[in-house]
Amino acid sequence: MYKYVIKRVLLMIPVLLGISFVVFFLMDLTPGTPADIIMGDLATSEAKAALNESLGWNRPFIQRFLDYIMGVFRGDFGSSYVSGLPVFEELFSRFPTTFQLALYSMILASLIGIPLGIACAVKQYSLIDSCSTIFALIFISIPTFWLGLMMIILFSVQLHWLPPNGSETLAHFIMPAITCAGTTLATLIRMTRSTMLEVIRQDYIRTAYAKGATKGRVIVNHALQNAFIPIITIVGVNFGYMLGGAVITENVFGMSGIGNLLLSSIRSKDIPMVMGGVLIVAVMFSIVNLLLDICYAYVDPRVKAQYKKGGA
Amino acid sequence: MEETRKSKTILEVRNLNVVYETDLETVYAVNGVSFTVKEGETLGLVGETGAGKSTTALSILRLLAENTGKIREGSILFDGEDILEMDNLALQKLRGEDISMIFQDPMTSLNPVLTVGYQIAEVLELHNHDHRSAKEIDQKVEEMLRLVGIPPERKHEYPHQFSGGMKQRVVIAIALACEPRLLIADEPTTALDVTIQAQVIDMMEKLKDRLNTSMILITHDLGIVAEICDQVAIMYAGEIIERGTVYDIFESQRHHPYTEGLFGSIPRLDDETERLKPIKGLMPDPTDLPKGCKFSPRCPQCMDICREKRPPVCRYGSHEISCHLFGQSQEHEGRDEA
Amino acid sequence: MKKTKHEAPRTDKKRSQLLEVWGRLKKSKVAIAGLVILALLILMAVFADVLVDYELAIAQNMPEKLQGPSPAHWLGTDGFGRDILARIIHGSRISLSIGFVSVIVSLAVGGAIGSIAGYYGGTLDMIVMRFIDVLMAIPSMLMCICVVTVLGPGMSNLLVAITISYVATFCVIVRSSILTIKNSDYIEAARATGVGTFRIILKHIIPNTMGPIMVQATLSIGSVILSAAGLSFVGLGVMPPTPEWGAILTEGKEFIRTAPHIVLFPGIAIMLAVMSLNFLGDGLRDALDPRLKQ
Chain U
396 MYKYVIKRVL LMIPVLLGIS FVVFFLMDLT PGTPADIIMG DLATSEAKAA LNESLGWNRP
456 FIQRFLDYIM GVFRGDFGSS YVSGLPVFEE LFSRFPTTFQ LALYSMILAS LIGIPLGIAC
516 AVKQYSLIDS CSTIFALIFI SIPTFWLGLM MIILFSVQLH WLPPNGSETL AHFIMPAITC
576 AGTTLATLIR MTRSTMLEVI RQDYIRTAYA KGATKGRVIV NHALQNAFIP IITIVGVNFG
636 YMLGGAVITE NVFGMSGIGN LLLSSIRSKD IPMVMGGVLI VAVMFSIVNL LLDICYAYVD
696 PRVKAQYKKG GA
Chain Y
1018 MEETRKSKTI LEVRNLNVVY ETDLETVYAV NGVSFTVKEG ETLGLVGETG AGKSTTALSI
1078 LRLLAENTGK IREGSILFDG EDILEMDNLA LQKLRGEDIS MIFQDPMTSL NPVLTVGYQI
1138 AEVLELHNHD HRSAKEIDQK VEEMLRLVGI PPERKHEYPH QFSGGMKQRV VIAIALACEP
1198 RLLIADEPTT ALDVTIQAQV IDMMEKLKDR LNTSMILITH DLGIVAEICD QVAIMYAGEI
1258 IERGTVYDIF ESQRHHPYTE GLFGSIPRLD DETERLKPIK GLMPDPTDLP KGCKFSPRCP
1318 QCMDICREKR PPVCRYGSHE ISCHLFGQSQ EHEGRDEA
Chain X
19 MKKTKHEAPR TDKKRSQLLE VWGRLKKSKV AIAGLVILAL LILMAVFADV LVDYELAIAQ
79 NMPEKLQGPS PAHWLGTDGF GRDILARIIH GSRISLSIGF VSVIVSLAVG GAIGSIAGYY
139 GGTLDMIVMR FIDVLMAIPS MLMCICVVTV LGPGMSNLLV AITISYVATF CVIVRSSILT
199 IKNSDYIEAA RATGVGTFRI ILKHIIPNTM GPIMVQATLS IGSVILSAAG LSFVGLGVMP
259 PTPEWGAILT EGKEFIRTAP HIVLFPGIAI MLAVMSLNFL GDGLRDALDP RLKQ
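Protein chains in written order, with the working numbering: chain U, 396 to 707; chain Y, 1018 to 1355; chain X, 19 to 312.
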């Protein structure tokens, strides 16, 4: 198992290098030089040339890329073109907001989505099943930002119950968490339902009934664990995405998370910031995926056996 | 023979009718099946795939697919009590303790994420009337594993670490753990290698004798039937078309044309003929069964009446055949036999 | 059920297979509802010019700004006095075509890469898949953001960004369905009887991979419309005054306290379009795989 985890971590490195390369390459295509962005139109071309020279902009692409990567390994993601502050610090200060939002919305989505999905599968074709299925289909079709705006209209503008923007108190997170959870919640209901339906039809479920087990026991002891892998995958992958900043939700509710930081950096062409942000997101995403894989091994002994074989 | 006749009837199935209903069609899976099983006796349920054998077996434990499988008519008496009338609580007590079942495919009938030890212990815990402690249950699990020829240390392993034959042994251990009075084995050896088949059948017979369990053995392997069954019922398109003791089926001169076809489909070394005589045609569409005798479209001796009327049951002692061929001279020959 | 899995589906059966799928699809009320709504939306997009003059959707008319729904303006007017219904009708052209075009292009590109990688396997497959892994590790929203940063906002750039972010998805789906079918018994049988590679791909693999891919494509059009609207919303997509649904909504953001209807109606339009595609996609999946609906 250890060996497997180490192997997986090592395998992450080329993927992350690949991502950095793609993003670095894309950013390099951006028209204009760093000096244009930092100094604006008013500066003289001599001054700009000097700044570009000091930033190493004139060196070949590959060399700049390698320098950047070496910097990243030392924990240096460069400095923002706009504020001049180190990128890493800026991202780090925004992280708690993004993390809280991701955490709350995942908890919300799981607490409602998984039980509802199970209920749908256990009582297939019942009222709760058709209601939840339709509800999930509608929820998956609602644009996130629109849902957020509608909630602001209702709960902030009309009822004055919740603050429309900011991220200072827990109350500030209620509407964003619901907005963010929406799609995941709908996906979870659908996925849990279809996975459970699939599992319930398996022979070993019939074996369990043939032993004289109650329906509840069969669902909890036999079906759930087998349905777990797809369910935790959805929760995990969406959590990973959200850690990268729920760009739209943060924008709607004016939260100071990574997503909003990325957006404003893009508008101001703050390339080191965008680079750093995307890289952090990709790292988060890969770590979550790794954790998911380790989870699989604990849920399913067959996966664990494979790892033992593959890792040894 | 004398013995079995005296012993008590443990299971009686009367006029069982089962359908599978979907939005699109209705499959008539079992159509008026009746049979009895006596204490300590083994009944072989024989027929092609799709003849309704498994459906009959699942109906006995009320394990038909919830949304589609429906028992339309009939009664299933276990110890005089109708299983079809039982509530959930009574059913849960019945399943695993009084009647247990071995399923067709050992590869899929064990839960892949639970240890085999747990899966055997579960049935013991569910029917723990003697209030056995965890330790005693654990000992019983080990005893069951030893009984089916698996080293008890392997109880901590998961199903994927076992071979097909070993998995089927585990399934058998689960089925016999509570020493049920009736064991239903649904093609227990079909998924196994021939050499393993013999071992498993051998083991099942020994265990059955030891615990004096009655058994319903579902199979399409006539060899196994001849080896271990006392009674045989032959099913076709959801009906029992011939029934009798193993001697009636294997030794008697009179047979339903389908049974003859079934025997004709098996290669025999002592036979002069060079070719097998397979039954021509296919099983009828279970959503649209023929009127009259279900076998009539394929029957080489089909008469006009066969297409119109359901054949009567003709009895020759313990031997019963549902066929118009025998219907006409039923009285006469019936007297002969008696 | 098992039997049909191993039988080689013959091409002359294809027609009746399609009919069978259609027959099952017809039975699902939800799928038909989706199909009808989608058809209406497409008709609306096609005949937008006949329904409403484009000028009405674009020209500013300040005296009539921020009006609520009335007989003159069924869905009211926006901050520049433009009729919202007219903007939504013309917006359907843009929103729907972004959805369809980017899915079709990414399906073609991703499908081609995925099927080549899947069919030939080996080193080629390895290299392609590592590259796809990298693309998949970048959330699609971020990918779009990166591309738009480079190219600058605008409708055609938005199209490129979304297409790129969906190529990887389709590549993976096509590759995995090809792998499943490639290793199935009937392809082995076809190869054993001497059927050529090209013919196998054309006659066996393509017809048998179409089902899941169609379902995925239908559902993807919905999510593309959603992401396009989202990108427009954060100012990285279609620029005003072009009446894309997300852009209409964004323009209404500042009037959210006084005239919430500007935000409400385009949102409903997006929802209807995406919902119809989801309904249809779900129905299609059930119709293609009757096993799931027992």
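Worth flagging that the hints you see were computed from the coordinates, not collected in a lab.
Watch out, some of these pointers could steer you wrong.
As a list, the in silico SDA-like pairs of lysine to any residue whose alpha-carbon atoms are at most 25 Å apart [to be verified]:
hint	chain 1	residue 1	chain 2	residue 2
1	Y	1110	U	609
2	X	47	U	609
3	X	271	U	609
4	Y	1308	Y	1042
5	Y	1087	U	611
6	Y	1055	Y	1042
Between beta-carbon pairs, the in silico distance windows are [to be verified]:
hint	chain 1	residue 1	chain 2	residue 2	range
7	X	149	U	701	21 to 29 Å
8	X	41	Y	1219	30 to 38 Å
9	U	624	Y	1049	24 to 32 Å
10	Y	1092	X	41	37 to 45 Å
In this text, all values refer to a predicted model and were calculated from it rather than measured experimentally.
The beta carbon of each residue, even a glycine, is placed where N, CA and C say it ideally should be.
Right, here's what the structure says about each hint:
1. Y/1110 to U/609: With Cα atoms ~10 Å apart, residue 1110 of chain Y and residue 609 of chain U stay inside 25 Å; holds.
2. X/47 to U/609: violated, 35 Å
3. X/271 to U/609: Violated. Residue 271 of chain X to residue 609 of chain U sits at ~54 Å, over the 25 Å cutoff.
4. Y/1308 to Y/1042: Holds: residue 1308 of chain Y and residue 1042 of chain Y sit about 18 Å apart, inside 25 Å.
5. Y/1087 to U/611: Since the Cα atoms of residue 1087 of chain Y and residue 611 of chain U sit roughly 22 Å apart, the hinted pair holds (cutoff 25 Å).
6. Y/1055 to Y/1042: violated, 37 Å
7. X/149 to U/701: 21 to 29 Å: holds, 25 Å
8. X/41 to Y/1219: 30 to 38 Å: This hint is violated: roughly 51 Å between Cβ atoms.
9. U/624 to Y/1049: 24 to 32 Å: violated, 45 Å
10. Y/1092 to X/41: 37 to 45 Å: holds, 39 Å
Hints 2, 3, 6, 8, 9 from the list above are not met by this structure, while the remaining hints are.
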